[in-house]
Amino acid sequence: MNRPCPNMQDKIIDLMLGALDADEARAVQEHLDRCADCRQYLQSLRAQGEALVGLGQEMGADMEARQAKVIGVLETVSPVEAGTDRIFPFIGGYIRTAVAAVLILGAGVAIGRWTSPRPVDVEQLRAQLETSVAASLRPVVRESILAEVDQRLQAGLSANDEKLRAEVVEQVRRDLRVLAAQFAANSEKLVDERFAEIVQLIEAGRRTDRERVAKALEQITTRTGMGFQTLAARANEPPATLQN
Amino acid sequence: MELCLDERSDQDLVRAACRGDRTAYAGLVRRHYNHVFLVCLGVLGKVHDAEDVAQDAMIKGFERIRQLRDGAQFGGWVVAIARNLSINLLRQRKSTEKALGTGGPPEPARAEASHEDLRQAVARLPWDLRLPLVLYYFDGQNVKAVAEKLDISTSGVYLKLRTAIKELHDILTMQGETP
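Chains as they are written, first to last, in the numbering used here: chain V, 1 to 244; chain X, 245 to 423.
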C-alpha cells in the first residue's frame, strides 16, 4: 500500500472522526478527490474502524455471562464484609481535611523540635562552673574542671547566637580568674603552713639533741668523778709485800 | 438471583447495597459492568485480564460501598477502581517482565487480517492510547462522552484517538507486509 501525503495524514483522520469544521473538511475532500493514495488511506482507516466496532461487538457478546459470573461471586461475599464504618462518620470532608492538616503540622513541629540542637543554657553552665571551680584545688580535680570548662566553652562557641557566645566566653574568663586567685591564695597559705610545720619539727629535734647531749655530759662527769676518787683511795693504801 | 434490570436510581441502589442488599448491588453490576470491563480492556488489552480485573473491581466496589458518599457517583467511582487496578496489574507485569528479562515485542501476527490480528494490534498500543480507542469504537461513545469518562478535554481525546488510529494502522500494515 502506498503511503498517504505526510501533511494530510492527520487531517484525513480528523475528517473521519468529524473533528474538522466545514471549510477544513471541504479542503480535505478536494485533496482526496485528486489523490488516490490518500483516498486509499481513508478507506483503509474506515475499514479499520469498522473492524474495531466488530471486535467490540464480538467481545461484548459474552457480557451477560460475565455479569452473571460477577453476581455469582457476590453471593460469596458476606454483607458483614461489605465495607467498614468510618471512625467519625459525622465529620465532613473539609473538617476531616483540616483535622488531618493540623495533625500533620503538629507532627512536623514535634519532630522538628525533637531533632533540632538544643540551645546552651547559660545559667546552668554558670552554676556548673561555680560548683566545679569551688569544689577542689587538687591537680586531678583541677584537670577535670579545666576539661569540663573547655568542653562547655566549645559548646558555647559552637552556638549560633553571637551574643550568647560572648556571654559564655566572658563568664568562663571570670570564672578562670576567680579560680586562679583562689588557687594562688590557697597555695601560699599551704606553703606557709608546711614551712611552719618544718620549722617546728627542726626546733623539736634540736631540743631533743640538746637534752641528750646534756644527759650524756652529766653521766660522763659523774662516772669520771667516781673513778678519780677510787684511784686516790688506792694510792693512799701501803703495799702488802712491804708489810709482810 | 434474578437478572432483570432494576429501575431504581444508582443512589437508591447504593443506599440499599450499603445495608448489605446484594440484589441491589447486582442491579449496579448489570448497569455498569460493561463500561468497567471496557475500561479494563482498554488499559490491559487482553480479554481474560480484563474479565478478572473487572470482576475484582465490582467486588471491591461492594466491599467499599459504604465509603461512597454520593450514590449518584457510583459509575465513575467503580470505573476509577477498575482503572487503578488495571494500571497496577500492568505495572506489576512490566516490573516482573523487566526482572525476568522477558516480555519483548510480541510476535508478528499472520499476514491475513482477522479479528485476532486486530485484537493483538490493539493489545500492542500503549494503554493511554488504547483506552480512548476502546471506549470510542467498542463502546460506541462519542468524543465528548469519552472525554467526560476519562476526565480530559475533547481536544485531548481527539489527539489520543488520532495517534492511536495512526499507530494501529501502522501496526496492521507492518503485519500485512510481514512475510
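Take these hints with a grain of salt, some might be off.
Said to hold, decoys possible - Here are the computed lysine-lysine pairs in the PhoX-like style, where the Cα-Cα straight-line distance is at most 20 Å: (1) X/LYS304 x V/LYS69; (2) X/LYS290 x X/LYS338; (3) V/LYS69 x X/LYS342.
Worth flagging that the hints you see were computed from the coordinates, not collected in a lab. Here the structure is a predicted model, which means the values were calculated and not measured.
For each hint, the structure was consulted:
Note on X/LYS304 and V/LYS69: the hinted pairing holds, with a Cα-Cα distance of about 15 Å set against a maximum of 20 Å. The suggested pairing of X/LYS290 with X/LYS338 holds, with an alpha-carbon distance near 15 Å, which does not exceed 20 Å. Restraint check for V/LYS69 and X/LYS342: the C-alpha separation of about 33 Å exceeds 20 Å, so the hint is violated.
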